[in-house]
Amino acid sequence: MTDEQVKKAVLDIIAIVSPDADLSNIDPAVRLRDQLELDSMDFLDIVMELRKRFKVEVPKEDYMQLASLDSCVAYLKPKFETAGVRL
Amino acid sequence: MSDYDVIIVGAGMSGLAAGIRLAMFDRRVCIVEQHDQFGGLNSFYTRNGRLFDVGLHALTNYVPDGVRAAPLPKLLRQLRIPRDEWNLAPQRFSEIHFPDRRLRFGNEIGLLTEEIAREFPAQIDGFLRLVQAIHEYDDTRLNPPKQSTRVILADYLTDPVLTDMILCAVMYYGNPQPRDIDWTAFVILFKSIFLEGLCRPRGGVRTIIRSLVKRFRECRGVFRMGCAVQSFAVSDRRVQGVVLENGAVLTADVVLSSAGYPETMQLCHETSAQIEGRLSFFESIFVLNVQPSEHGHKAAIVFFNDNDRFTYDKPDDLIDPSSGVICCPNNFDETETIEGMIRLTSLADYDRWANLPPAKYASARQDCCQRALSRVIQAGLLPDIQPHVVFVDSFTPKTIRDFTRHINGAVYGSPDKHRDGKTPLENLFVIGTDQGYLGIVGSLLSGITIANLHVLSADL
Chain A
1 MTDEQVKKAV LDIIAIVSPD ADLSNIDPAV RLRDQLELDS MDFLDIVMEL RKRFKVEVPK
61 EDYMQLASLD SCVAYLKPKF ETAGVRL
Chain B
1 MSDYDVIIVG AGMSGLAAGI RLAMFDRRVC IVEQHDQFGG LNSFYTRNGR LFDVGLHALT
61 NYVPDGVRAA PLPKLLRQLR IPRDEWNLAP QRFSEIHFPD RRLRFGNEIG LLTEEIAREF
121 PAQIDGFLRL VQAIHEYDDT RLNPPKQSTR VILADYLTDP VLTDMILCAV MYYGNPQPRD
181 IDWTAFVILF KSIFLEGLCR PRGGVRTIIR SLVKRFRECR GVFRMGCAVQ SFAVSDRRVQ
241 GVVLENGAVL TADVVLSSAG YPETMQLCHE TSAQIEGRLS FFESIFVLNV QPSEHGHKAA
301 IVFFNDNDRF TYDKPDDLID PSSGVICCPN NFDETETIEG MIRLTSLADY DRWANLPPAK
361 YASARQDCCQ RALSRVIQAG LLPDIQPHVV FVDSFTPKTI RDFTRHINGA VYGSPDKHRD
421 GKTPLENLFV IGTDQGYLGI VGSLLSGITI ANLHVLSADL
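Line by line, the protein sequences are chains A and B. Just so you know, the numbering used here puts the end of the first sequence at 87, numbered straight through with nothing missing. Just so you know, the numbering used here puts the end of the second sequence at 460, numbered straight through with nothing missing.
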């Protein structure tokens, strides 16, 4: 599993949760919220979608780990690997 | 294992929205509805081969395509419904009409500001400060303090007529409390009417209902229609099961009820200290063989009052025709070919209607319909449409009570709202009218918010 695959998995979810968001120029180091006007309801959906698609749980106290694409990779990649997710 | 993860009482806007959210994330959801029709207070029905909407024919919170951070686009995202599916036609203008005073407003605050500057030049600075304060107020808190809007408005506006005119539109749109309105409710409604705006789904409310029902079914939600709830079986401070009138019992881990707070407590055989709502309405729909605009009536909605002061209270009569709302669905998108229609709403007293002897009910209904219509024609609020009326249907507070089971036929529910949705029972939450967000957009947000807060986030 590569970092790019994890990023793509996250972006695919954002595209569903927020269909009018422009995902073409996301800076992976910058907070998603600052680039995409995501609110807390959208974040809840990202978390729910991660659970639905990959059976990966993100408890509330870990929400900040999903702040940017880079931090998503750092946080989710080991979880995906543990859960045996194939991307 | 329970029959369902979540049972939702009522297939109105809040129940459908909560159901979609939960079913979308694989909860096993059943919506139990006493009627065979979806939509609750925002439904439609057929009379004489014509389809009629039950609600006001209008949606608040209209924002142009492309705006993201507003209630309407938020809820569409949450439900994953494309905006085009609702086919929304924005209004051109509406008005607030008082004796010798008229304020028009559109879907930009600019028109109302200009109108106030013209009609009430001394008030315009105060009004602009008020709009600023409304922008800055955080109306999303789950437990805001109760505050009197009349008291707060006095800090901004010194002309009681302007205060009454603004309150008239806001209160008729969704205030459960007589005479005054809670500040948070006022802010939410002011934003949704004046800072965002009004629109109508082409095809009427059924366009929205169809879209919601389709979405719920796509997510494999289950409906049980024509299935009234008789009570909730309660033990250990939890709802253990939902008992239907046919005797069947359904079990669920969580129950969301849109029946109203005191009504929900009655289903639990719990007493509620909560004040019951007492504001109800009398409403007539006139079908015309002309378009109202051909006769000079061009406003989408007219909020009116032809008394010296505007009170908004339960009348000492069957109805109070001196103030109310005139809504014309034809005036949103004139290219949509629909029969001419005028809907006229007045405040009414539930007890008086409920206590009428059956023999007098029909004639009282006809009489009130005529009184309300004559009054608005005489006051110059509506052209004389009487020769063009081809069909009339009226409903009374008793109709509302019989249809919704709301105590006192209270359309906007109880003045005490439960924004966090909590009840004394740990797995029972209220959604809809008594959770506190009103109108179609408000009810949908109510279902979404409570489903997110107490079911989806609670599992994390």
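Some clues are possibly wrong.
[Unchecked claim] Pairs of lysine-lysine residues, derived as BS3-like cross-links and limited to a Cα-Cα distance of at most 27 Å, are as follows: (1) K7(A) to K52(A); (2) K360(B) to K60(A); (3) K74(B) to K52(A); (4) K398(B) to K360(B); (5) K7(A) to K298(B); (6) K7(A) to K79(A); (7) K422(B) to K360(B); (8) K52(A) to K79(A); (9) K74(B) to K422(B); (10) K398(B) to K146(B); (11) K314(B) to K214(B); (12) K55(A) to K79(A); (13) K52(A) to K214(B); (14) K74(B) to K8(A); (15) K60(A) to K7(A); (16) K422(B) to K60(A); (17) K55(A) to K74(B); (18) K77(A) to K7(A); (19) K298(B) to K191(B).
Keep in mind the hints are simulated off the structure, nothing from the lab.
Here's how the hints hold up against the structure:
The hinted pair formed by K7(A) and K52(A) meets the criterion: a straight-line CA distance of about 17 Å does not exceed 27 Å. Restraint check for K360(B) and K60(A): not satisfied, since their Cα atoms lie roughly 60 Å apart, outside the 27 Å limit. At most 27 Å may separate the alpha-carbon atoms for a hinted pair to count; K74(B) and K52(A) meet this at roughly 21 Å. Distance hint between K398(B) and K360(B) is fulfilled; the C-alpha atoms sit about 13 Å from each other, no more than 27 Å.
Only pairs whose Cα atoms come within 27 Å are accepted, and K7(A) paired with K298(B) is rejected, the gap being roughly 53 Å. As the CA atoms of K7(A) and K79(A) are separated by approximately 14 Å, the hinted pair is consistent with the 27 Å bound. Proximity of K422(B) to K360(B) is assessed by CA-CA distance (about 42 Å); at most 27 Å being required, the pair is judged violated. With a CA separation close to 14 Å, the supplied pair K52(A) and K79(A) stays within the 27 Å bound.
Pair hint K74(B) plus K422(B) holds up; C-alpha atoms about 23 Å apart against a cutoff of 27 Å. This hinted pair does not check out: K398(B) and K146(B) have alpha carbons roughly 30 Å apart, beyond 27 Å. A hinted pair counts as satisfied when its Cα atoms are at most 27 Å apart, and K314(B) with K214(B) does not qualify at roughly 39 Å. Of the supplied pair hints, the one linking K55(A) and K79(A) holds, its CA atoms being roughly 10 Å apart against a limit of 27 Å.
Annotation: proposed proximity of K52(A) to K214(B) holds, straight-line Cα distance about 21 Å (limit 27 Å). For the given pair, K74(B) sits about 24 Å from K8(A) by alpha-carbon distance, which is consistent with the 27 Å threshold. Restraint check for K60(A) and K7(A): satisfied, since their Cα atoms lie roughly 21 Å apart, inside the 27 Å limit. The suggested pairing of K422(B) with K60(A) holds, with an alpha-carbon distance near 21 Å, which does not exceed 27 Å.
With a CA separation close to 26 Å, the supplied pair K55(A) and K74(B) stays within the 27 Å bound. Only pairs whose Cα atoms come within 27 Å are accepted, and K77(A) paired with K7(A) is accepted, the gap being roughly 10 Å. A distance of roughly 23 Å separates the Cα atoms of K298(B) and K191(B); the hinted pair therefore holds under the 27 Å criterion.
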